Amino acid sequence: VRVDEMMPNIPKTPRQRKEPMGVLEQARARLHVSAVPESLPCRELEFGNIYSFVEGRLLDGTGGCMYISGVPGTGKTATVHEVLRCLQEEVDDSNLPEFQFVEINGMKLTDPHQAHSQILKALTGQKATPEHAAEILDKRFNTPAPRRESTVLLVDELDLLWTRKQSVMYNLFDWPTRPQAKLIVLAIANTMDLPERMMMNRVSSRLGLTRMTFQPYTFRQLQEIVMSRMKGLQAFEDDAIQLAARKVAAVSGDARRALDICRRATELAELAKTPGRKSAALVNMTHVDTAVQEMFSSPKIMAIRHASLQEQLFLKAVVAEFRRSGLEEATFLQVSQQHECLCRLDGVSVPTMSQLSGVCSTLGASRLLLVEAGKSDLSQRVRLNVSQDDVMYALRDTSQS
Amino acid sequence: MSKRKSTGSAAMSEGACYSELQRVLRERVYKISAPCDVAGENDLDKPRRHLLDLIQRCSSMGESNSALIIGPRGAGKTMLLSSVLAELKENRDFRDNVLEVHLNGLLQTDDRIALKEITRQLQLENVVGNRVFGSFADNLAFLLEALKKGSRDSQAVLFVLEEFDLFAHHKNQTLLYNLFDVAQSQQAPITVIGLTCRLDVIELLEKRVKSRFSHRQIHLFNSLTFDQYLRVFRSLLVLPAEFRDKKFCGKWNKHVESLSDDPGVTSILRKLYDTSKDIRTLKMFLMLPVARICPSHPRLEMSDFVEAHKILTADSKSNTLHGLSVLELCLVVAMRRLSDVFVNQPFNFQMVYNEYQKFVQTRSYAVQSFDRPVVLKAFEHLQQMELVRAAEGAGIGGRGQKEFRPMLLMIDKSQLMQAIQKYPACPTEVKHWANTL
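These protein sequence lines map, in sequence, to chains A and B.
Here our numbering is used: the first residue of the first sequence is 1, the next is one more, and so on.
Here our numbering is used: the first residue of the second sequence is 1001, the next is one more, and so on.
You may find that some hints are simply not true.
[Stated by the list, open to error] Straight-line alpha carbon distances no greater than 25 Å define the calculated DSS-like cross-link-like pairs of lysine-lysine that follow:
hint, chain 1, residue 1, chain 2, residue 2
1, A, Lys316, B, Lys1271
2, A, Lys139, A, Lys121
3, A, Lys231, A, Lys273
4, B, Lys1171, A, Lys108
5, A, Lys121, B, Lys1149
6, B, Lys1149, A, Lys108
7, B, Lys1149, A, Lys18
Read the hints as simulated data drawn from the structure, not as lab findings.
Computed from a prediction, not measured in an experiment: that's the story for all the values here.
My request is simple: use the sequences and hints to build the entire structure.
The structure is reproduced here in structure tokens:
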């Protein structure tokens, strides 16, 4: 059985899925990250640049490279897809010559060299090993063919195509420079200085200087993005959206986060809805605030509060040992001596060493402590993974009860 | 068997009663996964609701999601998920709508194996029997293509990743990236649920993987109070109302009630609760007492609990020391003295031998005197038991003479003293010597 003769698919459901009914459900469907709008708000400038770059090359029938960078969640891939959709529309109106679009993603390849195979498969439908595919592609882009249409190649997650010899990257950026190739490469990655940092000189010089950086969204832009998705739907109080936007912009400027927070907030609003009234449940500040807390807060303090008595005492002993020695690291033996003192002070029965090392490894498993492998026994080194102040803060109220 | 059937619901013979009792109790105590419904219901309610909503919406509305369940070991993460799934599966719509894929980080140690397992569990077309064909790259491409072809109308796929933190150690986190990416784009509806005990699991994710993860975290803690803990203890031992012999059942349940009020038993449970709050430890603690019940030992006695607690909390080092010969014990005492004098600095065999010689000459008067090769053999035996280990940086691979290799003692003073006190027929001179520590 040849793999390429089969049709990959997931079976259809025997049942119809429900359409979103209420206001909040509709809001949730629109807020899902997958519901990418027709045109992205706040990325008009970048759209224009990429569009004119690709359009120019298509009209001239030449090739070229463009490097697009930006932190995750700033709309790079979505913008490029939108550009290509618009160009395709132009082609359909026969304002532009026809072109072929190929997309590869570094993260979806098991090995950088697989890029060759995938490009070849997308262009011609042929299946070949990576080495063979590279040869075929090389020949294809080197031989003149007057009727060949242009090719737009989108390379997402470029940094994963790095190999020791960088042959994959070299090929990708070398082919567009050939006169007959008519290849336009759009490369996307996260870091701005990737060409200088990772690539050899001959690779980065072929990439050229056409660069574009997507800045993280500001809070106004995030607000606009959420508002545009909520157009014509009264589900949010304005302040609620603003809070979400400000919180996210302060941390990362990632649009996915803002959308996720808003979506979670609609769920919380639904839970809090009084059963008597049917509608008019708006998502307000408290819902968004709870959602932000859920997603961004660190659970370590809660984990310490819920730990058992001996585990709490052990953490205290670690802090006590650190304060005594002034170092940020102690051996298990030293901590166990402090632990014994603390137990006697509190009038708790002193656990045996075996029990205590059990306690230590439980704390290590949940990463409240960083511990060496238990094999090194009494001399195993213990560090805190929480700040000392957090430990004391978490244990302050519990010790009185 | 036939006899039990014929007697029906009336009184069973005593032996049958006890074997039935054993069956019921062992089922609860020995099976880790058996759900424990009393455990802090109010606390579990919120996370349960969240999880239920999440999975339900994926099946009914085709909404993709990703979530992580985080909690210490023994907090009931798998139990929560399986009870939610069991509840949902009662609905026929759900069963028709959802395909489940279960992965475990301990079994699927790299993406290659994980992909094969996913393909197998989804029964995609490149599966023949239980074998998956094609290379790693083919498998990935095939799976992604299948998911991409799907739309809102295809069956939802529920991915359960146990030991999620181990998946984050795979190369490039390819599998996680692709799963999260599918969950965030317009493809077949999938829900990814990860279970892990690491609190800092999100920091393990690469930034682009992290950005695609929807940051829903469901935290579970061992939040039982001691009263609830006692209630769990009772519910583990109480016989169900369906028990055939009502009279026996009533008597037994009254006995369990009286046990949980007994101050002796509660004080032992308190100690157990203080070291670890999870139910798993409690069950482990109950194993021995439960196994002891039989017609000739019809009740759970205080002594059973005391003994079980003693076994559970026994110090392994001092138990090992009990099995040593007197010469080996002498060497341990000598090493302890050296560690005290040089404050945890490493020592070598020669130093230990000298210390031992001093003891023989001043205190033991040749009673405990042995030749040097014999002492070296004893030292090597201690090394094999890992009571003595090579100090860090010293070549463990056998560089340097073994008499002069720097070593460290792995026994605390308190453990040694405890062991000496209990050592059967310990010579007085050794005892005296140890007491001068």
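Hint check results:
1. At most 25 Å may separate the alpha-carbon atoms for a hinted pair to count; A:Lys316 and B:Lys1271 meet this at roughly 19 Å.
2. In summary, the hint linking A:Lys139 to A:Lys121 is supported, as the alpha carbons are separated by about 15 Å, within the 25 Å threshold.
3. For a cut-off of 25 Å, the pair hint linking A:Lys231 to A:Lys273 stands: about 22 Å separates their Cα positions.
4. For the suggested pair B:Lys1171 and A:Lys108, the alpha carbons sit about 12 Å apart, so the restraint of at most 25 Å is met.
5. For the suggested pair A:Lys121 and B:Lys1149, the alpha carbons sit about 17 Å apart, so the restraint of at most 25 Å is met.
6. Between B:Lys1149 and A:Lys108, the direct Cα distance comes to roughly 16 Å. Compliance with the 25 Å bound is thereby established for this hinted pair.
7. In summary, the hint linking B:Lys1149 to A:Lys18 is supported, as the alpha carbons are separated by about 20 Å, within the 25 Å threshold.
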